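Since the structure of chain A is provided, determine the placement of chain B on it from the hints.
Protein chains: 2
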Amino acid sequence: MSLTQGIHRANQLWPERTALVDGELRYTWKQHADRVSRLAGALIERGLSSGDRVAMLGQNSAAMIEYYFAVLWAGGVLVPVNTRWSAEEVRYCLEDSDPSIVMWEPELAELAQDSLARCTKRFATLPPNEVEAAIAEAAPAQDRRRTGSDLAALFYTGGTTGRSKGVMLSHANLIANAMNAMANMKINGDTVHLHTSPLFHVAGGSRPFTIALVGGTHVMLRNFEPESFLATIERERVTLTIVVPTMLRRLLAARTLESADLSSLQLLSYGASPMPEALLRAAMQKMPGVAFLQSYGMTELSPVATVLEPRFHVFDGADAGKTASAGRAVVGADVAIVDADGRHLGCGEVGEVCVRGPMVMEGYWRNEAATREAIVDGWMHTGDVGYLDEDGFLFLVDRAKDMIVTGGENVYSSEVESALYEHPNVHECAVIGIPDEQWGEAVHAVVVAKSAEQFDADEVIAFCQQRIARYKCPKSITVHDAELPKSGAGKILKTELRKPFWGGSQRSIN
Amino acid sequence: MSLTQGIHRANQLWPERTALVDGELRYTWKQHADRVSRLAGALIERGLSSGDRVAMLGQNSAAMIEYYFAVLWAGGVLVPVNTRWSAEEVRYCLEDSDPSIVMWEPELAELAQDSLARCTKRFATLPPNEVEAAIAEAAPAQDRRRTGSDLAALFYTGGTTGRSKGVMLSHANLIANAMNAMANMKINGDTVHLHTSPLFHVAGGSRPFTIALVGGTHVMLRNFEPESFLATIERERVTLTIVVPTMLRRLLAARTLESADLSSLQLLSYGASPMPEALLRAAMQKMPGVAFLQSYGMTELSPVATVLEPRFHVFDGADAGKTASAGRAVVGADVAIVDADGRHLGCGEVGEVCVRGPMVMEGYWRNEAATREAIVDGWMHTGDVGYLDEDGFLFLVDRAKDMIVTGGENVYSSEVESALYEHPNVHECAVIGIPDEQWGEAVHAVVVAKSAEQFDADEVIAFCQQRIARYKCPKSITVHDAELPKSGAGKILKTELRKPFWGGSQRSIN
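Chains as they are written, first to last, in our numbering: chain A, 937 to 1446; chain B, 937 to 1446.
For the record, the hints were derived by calculation from the structure and aren't laboratory data.
Keep in mind it's a predicted model, so treat the numbers as computed, not measured.
It is possible that part of the hints are untrue.
Just so you know, same-sequence chains aren't split out, so a pair can sit in one copy or run between any two.
Under the rule of at most 20 Å between Cα atoms (straight-line distance), these lysine to any residue pairs were calculated in the SDA-like manner [stated by the list, open to error]:
1. 1122 - 1247
2. 1122 - 1248
3. 966 - 1282
4. 1427 - 1299
Bound conformation, chain A alone (with noise of 0.2 Å):
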C-alpha cells in the first residue's frame, strides 16, 4: 500500500468533494488528482527516477500538498526542508540528501537561491514560475505506488553532533501512524483538517498522509496567527487540527477567542512540546466544546509513540494527574524503559525511553554509525528520560540528549554551543533551556568569556545568527566569572546552571 492510494480511492468515491483549500483556491479530488499525476509526470520529464529525492523549500500551501503527492507518484522521496533555516543549514540538507530536483516557493526564493549557490553540486531545479507550466504541459504520469520499506520521506532532525541527520521514512512508516491517528481521532472522509503546524515537520508533515489516505479534506494555513487560524476554521468548518502549546498561548490571548464560532471543531491535538498544566486548563475551559489528545514521539518514530485520549485530559477523579503524562503506547508501539545496560525497568523506575515498532524508522540517511547507535534490536532510543506508571501511562522527566523545545523546534545545545565556540572570546559556554512565557523555553547561554571586558552579548547573538538559523541563537546570554561547575568525570553541571532559573525545581518535561 502506497501513501498516495487515498488519492485514487478518493478520486473513485468522492470526486467533487474538495480535496485543497488554501485562501481562495479550491480543488476537488478530481482535479487534486489531475494535478498531482501531471506534476509527478513534469518530475519524470525532468529525470527524476525511483527512489530519488526532491527537496522543496515550502510554506503549509496547496503547492506544499502538491509537491508531497506528485513527488510520492512519481516514485521519489520527499525532502521538505526546514523554512527557517539558514542558508548554511539548508546548503549542508541540499548536499546531503542530494535531490534530483529542488523545488521552493515565491517567498523563499531568496534563501532557496542562497543555499543553492554555496553548494558545490548543481542541482536541477523547477523554480515556483515554472511549475503551473509544467502541470499545464504534462502527461499524467501512472502512479509508480512504492510501498512498504520503499523510502517515502526524509525529515532532518537536529543532531546531537551538530549535524542535522536526515530520518529515513518508508511508505509502511507513515501510513503506520496514519492507520493510529486515524483511529485515534476518528480521521474519515469527512474530517476537514486545518494545516498550520509546519509540514517540514513531521509532528505537522505526516497529517496530510493521513488526510490523503481517507479522503478528507487539506485547508492550509501558511503562518499561524490567531485570527486567521480562527477565521479559517470558522469559515472552512474545520474539524481537527494540530497545534503546539506556543500557537495554544498565542490563542488564549486572542481578543477573538471568545466570538469565534468553534462549533465545527472536534479535537484539537497537541505535542511536540511541553504543556504546562495551567495552559491546558485555560484551553479546556474557553474552548469546552473541543477534545484534546496529547502525543509524544519524535522524528524517528514517524512520529507518534504514544497518546494521551481525550478522556484523561481531566483534573479530578480517578485520572487526575494522567495529563501530566505522555499517554500510553498506541497500537503497535512497544514502549520500554531500559537502564544504561539496555535491561527492561520495571513500573515507577527512571531511564531511557526504548520504542519499538512499525513506526521506527528505516534508518538515518547515509548514516549506518548513527543508526545502529539510535536503533538496538529494533527499539529506537529516544534519548527522552523517563517511566511508566502502574497504568502503562509514561512520563517524561528529562531528555538525555539535551535538547531544548523553544515554539515547538528542538534545539540541541551542542550545536549551539559549537556556533558560541567559533567566537574568539568565547573560552567556555554552556547552553539550557530557561521557562519562558510565550516559547515554553527559551535558548540561554552561559558563558565564561576569554576577556569578560570586552564581551558584547548582542554582538555574540549576531555572530550566532551568521551560522545557525535564528530560533537556535541564544536570547539571551548570561557571564560567568569562574570556570562552569563540573562533574568528576569534567562533564559541565547544567543541572547546576540551570537551577537559578527553574527555582531549583526539576525542570518539567510535560
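Only chain B this time, still in chain A's reference frame:
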C-alpha cells in the same frame, strides 16, 4: 509488527483486565500472556519451527483463542479447520496443509481421529487432554514475532474445481484488516467482543486479531443459539459482535429478544451472505440502540474490501437504497469493475469485482497456477459480478463462480455436482441456490436420471453426505425429464433453472 504484539501491550497497560471469557472461565491479560507463551513453548518443544503449520479442529472457545496466539507466538502458521466438514474433507485439508502438529477439542475427537486415520502421513498431535499439562510444564517461549509478509494463517475456502484451497494470509494482511476494523467499528481497549461466528472462517476468524491488537476482551460462544447469545451479551456487557443473516433471522424470532438488555451492544456487523431488506428493517426496529455495519469481502481479502457504514443504514432521504449495496472501499482498498478483457469499466457498468491493496492474500497454498489466475497485476479477481454507482458504492448482481451461500457457508455448485456425478443413476445435473426462509439460500439439485423410475432422492442425498459436508449436500432434488437447457456453447443455463424458484426475477445477492 506481529499479530501477537497487542498481547504484550495489553499485558503492560492493563495486566489485570479481562482478556478472555468462556463460560465460567476467565483470564486476565497477564494470565493470557502467560498461558499463550507457555503453550507456544510446548509447541516448540514438540518440534514446531518458524513457518510450520498447526491445524486445529476447534469451536469458539478459550482453547481456540489460545491456539491462535500460541501458534503465532511460536512462529507457526494457523490452520483452523472447518468443523462441519466430512472426515474426508478434513483429511484433504490436513494432507494439503501438512501441519507439524494437529490439535482438536474434546467435542471434535471423533472427527479428528477419523480424519487422521485416513491420512497416509502420520502427524504429530497435541490431544486436548494433554494441553493443560503441556501449559503447566512448558517454559514460556520468547515471542518469535514474525511480521510483514511472513505467513500467519491458512484459511481453507471452497474451490470452484472441487477441492478446497488454502488461502495464505500474512501478518501484514491480517493487520491491514484489523487496523481498518479498528477505525470503522471504533474498536479499542474497552471493546468486549462476542466471538460467535465460526473462527475457522476468516469473517469471524479475523476478529481475534483486532481484539488482541487493541487489548479488548474476547467473549466466546461455542454455538449460536439466540437465548445463550442474548444472555451472554447481558452478562458480559458485550459491545460488538458479528453475525450472518441466518443468525439474525433466528435472533429476531427469539421470544427473549424483547426482554433482553442490549444496552451495552453498540454495533452489530454482518456480512458473508445476502441480507434481505425486510430482515434488516426488522432487526433495526427491534434493536433500536444498535448500529449496523455491513462488510463485504472474501477469504482471499483477509477478508474485508468494502463496508456499508451505520449512517447508510437508512431507508429514506438521499442515502435511501444504499442498504442494497455492499458499501464502499475501505481505506487502502482499490475496488474496480473489469470486463472479460481486464478493462476497467465506468459507473453503472456490470463486470467482475476486483480488489487491490494490503488485504490481498499472499496466494493459494502450494497452488501457483490458481494464484496466478486469481491475482493479476496485484488485483484479486473475486469472481463476484457487480457495478459501482456514482458514489462508489458496490452493488453485487451475481456470482461468477456460481456459489451458493447457505447459513453463512459458501457452497460451490461444481463441488456438489462432482459428488452427484459419482452416483450411478445421475445422467446430468445442475446445482443451484433457491430461496430459503431460514438459511437465506438452500442447495437444490436439478437432475436428469439414467432411470427416472429407480431414482430415489433421499438415497442420492445420503450418497452425497458420504462424500461432502452435510451443509453442502442438496436439501432437495428435482428430477428433470428432458436434457437440461443449454447455451449455444453447451453450457447449462442455470438462470433458466432458477426461474421457477425465484419468480423469474434476478436473484438478489445483497
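Tested hints:
no. : hint        : result
1   : 1122 - 1247 : both (14 Å within a copy, 15 Å between copies)
2   : 1122 - 1248 : both (17 Å within a copy, 18 Å between copies)
3   : 966 - 1282  : between (53 Å within a copy, 15 Å between copies)
4   : 1427 - 1299 : neither (29 Å within a copy, 59 Å between copies)
Checked against the numbered hints listed earlier, the structure breaks hint 4 alone; every other hint is satisfied.
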